[in-house]
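Given next are the chains, with one letter for each unit.
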Amino acid sequence: MSYISTLFPAYAEIFLLCMIGVIMIADLLLPSQTRTVTYLLAQVTLLGCSLITVATHVNGVEHLFTNMFVDDLMSDVLKLLTYLSVSMMLVYSRSYLIVRGLFTGEFLSLTLTSTLGMMVMISASNFVTLYIGLEVLALSMYALVALQRDSAVATEAAMKYFILGAMASGFLLYGMSMIYGGTGSLDVQTISNVIKAGQGNDMLLVFGLAFLVAGLAFKLGAVPFHMWVPDVYHGAPTAMTLFIGSAPKLAAFAFVMRILVESLQPLMIHWAGMLAVLAVLSMGVGNITAIAQTNIKRMFAYSTIAHMGFLLLGVLSGTLDGYSSAMFYAVIYVLMTLGGFGMIMLLSREGFEADNLNDFKGLNQRSPWLAFMMLLLMFSMAGVPPTVGFYAKFSVLNAALQAGHLTLVIAAVIFSLIGAFYYLRIVKLMYFDAPESHEKVYMQPDSTLLISINGLAVLMLGIMPNTLMAICAASIQQSLLLH
Amino acid sequence: MIFGYPLLSVVIWLPIIFGALVLATGNDRNAPLARIIALVGAVLGLLVTLPLYTGFDRMTSAMQFVEMKNWITQFNIHYHLGVDGISMLLILLNAFFTVIVVLAGWKVIEKRVAQYMACFLIMSGLINGVFAALDAILFYVFWEAMLIPMFLIIGVWGGPNRVYAAIKFFLYTLLGSLLMLVALLYLYFQSGSFEILDYHQLPLGMTAQILIFIAFFMAFAVKVPMFPVHTWLPDAHVEAPTGGSVVLAAIMLKVGAYGFLRFSMPITPDASHELAWLMVTLSLIAVVYIGLVALTQSDMKKLIAYSSISHMCFVTLGLFIFNAYGMEGALLQMISHGFVSGALFLCIGVMYDRVHSRQIVDYGGVANTMPVFAAFFMLFAMANSGLPGTSGFVGEFMVILGAVKVNFWYGFAAATTLVFGAAYTLWMYKRVVFGAIANDHVRHLHDIGGREKLIMLVLAIAVLVMGLYPLPLSEIMHASVNDLLVHMARSKI
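In the order they appear, the protein sequences are chains A and B. For the first sequence, position 396 matches number 396 in the numbering used here, and the numbering has no gaps at all. For the second sequence, position 308 matches number 308 in the numbering used here, and the numbering has no gaps at all.
Please note: incorrect hints may appear among the correct ones.
What the hints assert, rightly or not - So the derived label-pair ranges between C-beta atoms look like this:
| id | chain 1 | residue 1 | chain 2 | residue 2 | range |
| --- | --- | --- | --- | --- | --- |
| 1 | B | W13 | A | V37 | 38 to 48 angstroms |
| 2 | B | L278 | A | V54 | 52 to 62 angstroms |
| 3 | A | D150 | B | W13 | 52 to 62 angstroms |
Since the hints were derived computationally from the structure, they do not count as laboratory data. For glycine and all other residues, C-beta sits at the position ideal for the given N, C-alpha and C.
Starting from the given sequences, assemble the full structure and let the hints guide the process.
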């Protein structure tokens with residue numbers, strides 16, 4: 001009993017794992033018409049996880065399993081946001097998946113296992129735990145993308161995702177083994193101490209670092225390791241695209257923080273330069289290529305690449321402000337992506353995907369409310385105040401400038417200007433053009449409510465961004481300073 | 001804070017809240033309701049600005065009606081509002097034109113009325129925010145946010161080429177704004193604060209000043225618009241609906257000049273002196289060259305758009321000759337240009353609503369069928385060409401006077417506007433209004449009705465009163481202008 005009670009920082013993970021088992025079994029026993037029960041069970045599980053995470057929160061940093069697992073404010077905040085975005089994703093995708101016959105027990109349980117993977121990643125404080133978390137997430141994701149078995153496009157996307165993802169994992173493992181060779185440890189904290197003490201083998205370390213950064217860039221989808229992103233985003237069913245694009249970015253942010261900042265901070269002089277190249281290329285290629293897209297999912301894929309460039313810009317500043325701005329950016333990015341893809345699913349019907357830019361034509365005449373929500377989301381992605389996207393860009397640019405990266409800041413500004421064009425184009429299609437069909441938009445009550453909350457959140461957070469910014473800053477500060 | 005409530009917050013948020021209310025009336029079935037709520041909102045919005053005038057202390061150059069609250073603590077950003085003699089008049093002008101625009105769009109706008117009215121009300125609140133903000137980020141937020149409604153106004157209710165114009169307008173302005181953001185971040189880096197008034201006192205080296213000046217220049221010059229970044233304006237004006245053109249000319253262009261006054265000149269005084277030759281040259285090029293361009297236009301709206309550019313460059317000329325005549329003249333010119341260009345766009349709108357053409361050749365002899373309208377149009381055309389007794393004369397005369405004091409040839413080049421301005425405005429007027437009735441369209445014109453008469457009458461009174469007795473305006477700006485000139489004379493290096 002006493003052993004169990006010492007596990008309290010990991011209660012949420014344990015609870016989730018148990019519930020995944022329950023949901024899998026329940027799904028087998030219940031007839032498929034009553035899938036709503038397992039759906040609600042999944043939502044309740046996420047709610048339970050968030051209650052546990054809040055209840056087991058302690059001030060300070062808790063380590064577990066001989067330093068394999070860490071529980072700090074950053075991990076708690078990121079986990080709560082992960083539950084929230086997974087839960088939103090389930091609401092958005094329910095009716096979309098039902099009409100496509102994809103709303104299966106596997107979908108729910110794979111979603112939850114990938115959530116588990118993200119939680120492990122967020123709380124990992126050892127390279128092995130990080131890798132295990134990553135693979136739990138990635139393998140569930142591959143399966144989710146491939147869930148639509150009869151679609152050649154989706155299968156191809158899953159295949160690409162799997163092969164390139166496996167390659168990235170290989171890079172990461174190789175890099176980790178080099179770091180292990182250079183320092184003799186896999187523990188995040190020990191590595192940092194060894195390097196600080198000057199006992200590491202520099203050549204091995206930098207060699208390993210290059211592989212780690214390449215692997216991270218693959219997972220984040222940063223240029224030049226971005227080739228899988230558009231194909232997977234485009235090919236996967238929109239619900240899965242939404243999932244890939246949202247919560248895992250939070251986990252990826254934690255991953256970057258744990259590897260590059262908490263353990264390899266002493267090598268910053270090396271990785272900051274690598275990230276700078278990745279960031280500028282991502283912003284450039286992402287924003288410029290997005291202009292040429294006619295498929296909105298592909299466009300969002302390139303926009304994601306550009307956003308990841310911005311996120312990296314925050315990280316490479318290498319200051320507390322920089323990390324917290326990157327975290328804020330990640331959170332806001334997830335919020336906007338959920339809304340953007342949620343809108344595509346809301347406009348889709350049976351046998352019809354609203355994933356072409358032209359499907360947004362004249363939306364203002366068909367449904368002014370949805371058009372307005374999409375307008376808020378698009379201006380937020382473009383970073384135009386008073387929406388919250390502006391503050392995300394603002395805090396990153398501020399951190400980068402304070403760190404002395406004036407040229408990077410100017411490049412980022414120019415690329416955002418280019419990026420504004422394709423977001424504006426969506427607004428233009430919705431407001432300035434005549435609709436191609438006058439069919440009434442069927443607005444699912446649950447997802448309509450959610451998209452309204454989502455869109456208004458983008459506006460309200462823009463008017464009052466203080467709290468969320470303060471939470472991000474506090475998380476980063478506590479996690480980094482208390483170690 | 002005065003009368004127990006935060007006046008400036010009310011001035012900013014009241015139109016925005018009414019805009020949301022108008023939006024809530026939904027589709028065009030409720031259009032009459034939307035119009036009435038919009039008018040109530042606009043009139044209330046004007047009434048709440050009046051205490052700014054009556055309660056204004058003319059003796060001080062300090063900020064008045066100040067409000068200050070924490071907003072984003074992490075970056076030391078405040079919700080800091082306040083007005084001085086420069087910004088207060090522009091808020092009044094804006095609130096006044098909101099009423100005019102709502103009235104002007106009363107009958108003409110038939111599709112998506114609620115959205116149209118809401119856009120204007122929300123934009124009015126945001127522009128008030130621009131003029132009242134004393135925190136750089138708060139300013140930036142209002143500054144950018146007002147692009148969104150304007151973008152929609154041009155794009156949804158504009159003419160045939162509206163999409164191109166709307167996107168061009170947005171991207172042009174965004175480019176300048178983003179560079180300004182970088183400059184603001186740099187100033188924050190130097191001072192640890194986003195307070196505009198702190199920036200005024202911040203010592204800066206010459207190189208830094210020049211770079212900051214250029215970044216601000218990009219933002220504000222696009223808005224004014226100065227030569228050579230003026231090309232978005234004719235497009236935007238021609239395609240915008242009448243109300244859009246009026247707000248664009250009367251208010252939005254002032255925002256750029258206001259930016260020079262509030263940011264560029266006091267924050268980087270040495271760079272302003274150093275680069276004054278550039279500003280003066282660009283202004284004079286615009287005055288002369290754009291005046292000539294206006295002469296050749298065949299589209300009335302385009303003609304007035306070019307005339308706007310030429311007049312606004314008078315403002316920048318007046319600012320960058322650094323004397324009291326020039327600066328007060330520039331401020332008066334800003335306000336006068338608001339009335340005159342707004343009125344001219346309304347006049348063109350009146351004709352366009354009836355004939356659906358803006359081409360000069362489609363008209364001729366309008367005076368025969370619309371005598372009342374022709375009389376009002378005449379007055380505004382005269383004011384545009386700077387006839388003494390109208391508001392157009394006061395500002396131009398003072399700027400020319402100030403310019404002559406600095407350099408005779410500046411004044412000489414600037415004075416050519418009196419010739420060109422008269423030429424293009426009156427020639428257009430002659431071709432449109434005088435002569436024999438040109439075609440059936442003109443023959444079947446009916447004169448302006450009660451609502452249009454009311455709008456024209458109010459504007460005509462404003463133009464004449466300002467032309468004959470500008471003292472009430474100039475005494476408000478006096479203290480602030482003097483303070484700015486004293487501040488500008490001190491080096492920051």
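Against the structure, the hints:
For the pair W13/B and V37/A, the supplied restraint of 38 to 48 angstroms holds, since their beta-carbon distance comes to about 47 angstroms. Between L278/B and V54/A the CB atoms are about 59 angstroms apart, so this pair conforms to the stated range of 52 to 62 angstroms. At roughly 54 angstroms, the beta-carbon separation of D150/A and W13/B lies within the given 52 to 62 angstroms, and the hint holds.
Every hint from the earlier list agrees with this structure, and none is contradicted.
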